[in-house]
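Residue numbers (the UniProt record's numbering), protein chains in the order written: chain A, 1 to 216; chain B, 1 to 547.
Hints may be right or wrong, so weigh each one.
DSSO-like, lysine-lysine: derived pairs with alpha carbons at most 30 Å apart [unchecked claim]:
no., chain 1, residue 1, chain 2, residue 2
1, B, K483, A, K178
2, B, K263, B, K497
3, A, K6, B, K212
4, B, K446, A, K178
5, A, K195, B, K446
6, B, K437, A, K202
7, B, K483, A, K202
8, B, K437, A, K195
9, B, K546, B, K531
10, A, K202, B, K497
11, A, K6, B, K497
12, A, K169, B, K483
13, B, K446, B, K372
14, B, K534, A, K202
15, B, K466, A, K169
16, B, K497, A, K173
17, A, K14, B, K497
18, B, K272, A, K14
19, A, K202, B, K531
20, A, K14, B, K191
21, B, K179, A, K90
22, B, K437, B, K466
23, B, K212, A, K14
24, B, K80, B, K44
25, B, K273, A, K14
26, A, K197, B, K519
27, B, K263, A, K90
28, B, K318, A, K202
In short, the hints are calculated from the structure, not lab data.
Everything numeric in this text was worked out from a predicted model, so none of it was measured.
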Amino acid sequence: MAEAMKQTVARMLKGIERYNPDNLPTLQRYVEVQSRENSYDLEANLAVLKLYQFNPLSFNVEITCQILLKALTNLPHTDFILCKCLLNDKQLSQEPINQIVYLADILEQCDFQVFWTRIRTLPELTQSITGFVDSIRKFVCHVVGITYQTIERSHLAQLLGDVDDSTLKLWVKKYGWKEVAGNLIFIANQDENIKTKNINEKIDFENVGAIMASCR
Amino acid sequence: MSKGYSDDYDQGYDYTYDDYGSHTGDPSLDEYNRQHFKMPESVKNFLVYFRNNVNEGLIFELQALYEHTWPKLTEDYFEKRPWPEENEVATIVDNDPVFMILYKELYFRHIYARIQGGPSLEQRFNSFYNYCDLFNYILSAEEPVPLELPDLWLWELIDEFVYQFQSFAQYRARLQSKKEQELETLHSNNKVWNVLCVLNVLHSLVDKSNIKQQLEVYASGGDPDSVSGEFGSHSLYKMLGYFSLVGLLRLHSLLGDYYQAIKVLENIEVHKKSQYAHIPACQISTSYYVGFAYMMMRRYSDAIRTFSSILLYIQRTKQLFASKTYQHDQINKQTDQMYHLLAICLVLHPQCIDESIQQTLREKSYHEKMYKMQYGDLQEFESSFTYACPKFLSPYPPPIDSLPGDYSKDAIQHQTQVFMEEVAQQKMLPTIRSYLKLYTTLPLSKLATFMAQNSRTNEASRDLAKEIQSLVIHLLCFKHKMKNVVWSRGASGLEGKFQSGSELDFYIDNDMIHIADTKVAHRYGDFFIRKIVKFEDLNRKLHQLKL
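Please take these sequences and the hints and turn them into a complete structure.
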């Protein structure tokens with residue numbers, strides 16, 4: 001369904017048509033389809049927020065929440081900031097948008113433990129978004145993947161939201177990580193990518209050509 | 001034209017006179033001025049000559065008239081008063097309709113820029129209607145209109161159009177000094193300076209000129225004329241189309257829509273020379289908004305690249321602008337703003353940049369600000385940001401039942417807040433960076449101890465496990481925030497790959513941090529070359545001396 005709608009929606013986003021409020025119902029439905037089918041179209045969602053910006057009376061809290069939550073599923077991309085910039089202070093402080101803003105804030109600070117605790121107390125907030133929790137785990141794995149060479153097994157489980165052993169194994173396998181001795185998990189050989197760089201001065205002939213020429 | 005004095009980047013001073021708006025709009029006073037001002041012969045001659053040149057499409061002559069004679073006459077006769085009224089001029093130029101539209105555009109621009117008190121509501125409306133006339137003339141023609149104007153004029157025309165919209169949006173949001181009747185007029189004329197109107201004009205100019213297709217072909221090495229169509233092959237349409245893209249970039253930025261801002265420039269490589277990129281003011285403005293949008297999207301590498309490249313260009317071509325004073329003011333202001341933004345980006349994302357740009361940032365005022373920001377002075381972040389950011393606006397007026405007040409700052413406050421939240425999320429990173437810089441390997445526990453030293457009060461209540469735990473969170477955040485999308489190639493500036501572009505990087509191996517720093521060797525070559533050139537120069541001068 002999302003695929004089918006994509007074409008129709010793309011036409012609605014061309015040129016000045018993008019600002020036509022008559023398109024809002026379709027675009028809003030498209031947001032709901034994305035939530036349900038776990039697909040994502042940032043540009044279409046930003047167009048919805050833009051229409052709210054131009055037509056404040058059409059502002060819809062429910063749809064905005066979905067757009068913001070979907071933006072979180074696309075971390076580490078900065079989609080959430082883009083959305084925030086199109087909303088105003090008053091809209092962002094409304095319940096439950098402010099809850100989502102808080103979630104985004106702790107995710108951006110990588111305080112995953114607080115995030116998981118919080119999410120457990122608000123199960124209804126994210127339930128409309130299919131695959132929300134796994135999307136966040138993907139983000140966790142991204143951050144772990146760029147930070148660690150080896151990580152303690154228990155720590156990883158905790159970062160992923162206190163997952164049980166079989167779930168942990170699934171994620172480890174998915175990312176091609178390896179369990180090694182001492183209850184550790186080997187992530188990647190980071191010293192290949194992260195090395196000290198030395199920038200030395202290079203003076204080539206062109207740099208000094210002009211001076212040489214004038215030193216006759 | 002003579003725009004520099006109250007341009008948009010100067011919003012602090014911009015509308016401070018609005019409170020006195022009713023005085024300058026006073027019809028009896030205007031009448032008085034008119035009666036006591038006789039149009040000088042030289043102005044009369046100029047207008048006739050100007051009109052003839054427009055009709056004959058003498059581009060070089062027009063360029064000189066536009067760039068030099070008009071500002072000169074403005075200085076001589078119209079420093080503090082508007083140019084002659086429409087009806088006075090019309091009789092001199094045989095009611096030439098096209099020339100009158102162009103004249104009125106310049107006339108209003110001058111009022112916006114120079115007349116104390118700024119434009120009255122009526123003048124704002126009339127200027128808008130005049131733009132409608134102009135764009136209708138250009139856009140609704142069956143075939144390309146026989147009009148040719150210098151590119152600089154076309155750029156300033158589009159730029160001014162967006163500026164006047166911005167100015168109106170700010171004016172509309174300042175409810176505190178409006179009278180009943182003024183509000184009434186505003187509400188009953190909500191189509192005037194409507195955001196959709198402005199978008200529509202810019203989009204229509206883009207579409208009419210096929211500029212997007214032209215740029216696409218041009219970017220892939222083809223001949224843009226092959227897709228330009230009947231209108232797009234005319235310089236007037238082509239350049240208006242190109243400048244409208246930059247106008248859209250600016251407009252989207254003002255509304256906080258950074259995604260569209262970058263997207264609209266697809267197929268334009270901002271820092272590359274091209275046949276469209278020969279108006280310095282346009283290039284500079286483009287880079288300013290592009291760099292800013294990147295900064296807001298946390299694409300610091302891209303922002304730093306965009307700012308450094310244009311600042312380098314400005315450094316090298318500085319003498320070029322010196323003679324054109326009205327452009328000079330605006331360029332200077334925007335340059336200073338970009339140094340501020342670059343300073344912010346470099347504090348958040350330290351990285352090597354060109355030596356001569358670095359040199360400027362070492363100057364006292366920037367250096368001090370960067371130092372304060374590095375030490376977590378949030379106030380400094382905020383004041384640098386609000387000084388250097390575009391003057392954001394709300395696309396719709398405050399609701400009819402709003403209490404009297406100033407709503408014009410709301411949009412700026414909001415964008416500032418979004419930015420400051422980002423800064424707050426990163427607040428621990430500079431401290432961590434400063435410790436990591438001292439080591440190549442460092443155990444987590446040791447760094448945790450360092451970090452805790454600042455906040456710990458009671459030695460006995462120390463909990464190392466907890467300190468490590470909170471340190472690890474900061475380290476994850478460090479890695480996350482320093483790994484950003486960076487553009488390398490492709491038509492759209494939105495594309496890119498995740499990279500860690502900052503100079504210090506690290507990874508954690510179980511409980512040990514391994515640090516990789518960038519070591520820059522001293523650069524002697526540049527220094528010596530400069531000294532040698534200087535020495536030779538001196539030598540030459542000495543030889544020329546005749547005693």
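A quick look at each hint next to the structure:
| no. | hint | verdict |
| --- | --- | --- |
| 1 | K483(B) to K178(A) | 24 Å, holds |
| 2 | K263(B) to K497(B) | 16 Å, holds |
| 3 | K6(A) to K212(B) | 23 Å, holds |
| 4 | K446(B) to K178(A) | 28 Å, holds |
| 5 | K195(A) to K446(B) | 22 Å, holds |
| 6 | K437(B) to K202(A) | 25 Å, holds |
| 7 | K483(B) to K202(A) | 28 Å, holds |
| 8 | K437(B) to K195(A) | 13 Å, holds |
| 9 | K546(B) to K531(B) | 25 Å, holds |
| 10 | K202(A) to K497(B) | 28 Å, holds |
| 11 | K6(A) to K497(B) | 24 Å, holds |
| 12 | K169(A) to K483(B) | 26 Å, holds |
| 13 | K446(B) to K372(B) | 27 Å, holds |
| 14 | K534(B) to K202(A) | 22 Å, holds |
| 15 | K466(B) to K169(A) | 27 Å, holds |
| 16 | K497(B) to K173(A) | 24 Å, holds |
| 17 | K14(A) to K497(B) | 26 Å, holds |
| 18 | K272(B) to K14(A) | 27 Å, holds |
| 19 | K202(A) to K531(B) | 18 Å, holds |
| 20 | K14(A) to K191(B) | 23 Å, holds |
| 21 | K179(B) to K90(A) | 27 Å, holds |
| 22 | K437(B) to K466(B) | 24 Å, holds |
| 23 | K212(B) to K14(A) | 13 Å, holds |
| 24 | K80(B) to K44(B) | 19 Å, holds |
| 25 | K273(B) to K14(A) | 28 Å, holds |
| 26 | K197(A) to K519(B) | 6 Å, holds |
| 27 | K263(B) to K90(A) | 28 Å, holds |
| 28 | K318(B) to K202(A) | 28 Å, holds |
The earlier numbered hints are all upheld by this structure, with none contradicted.
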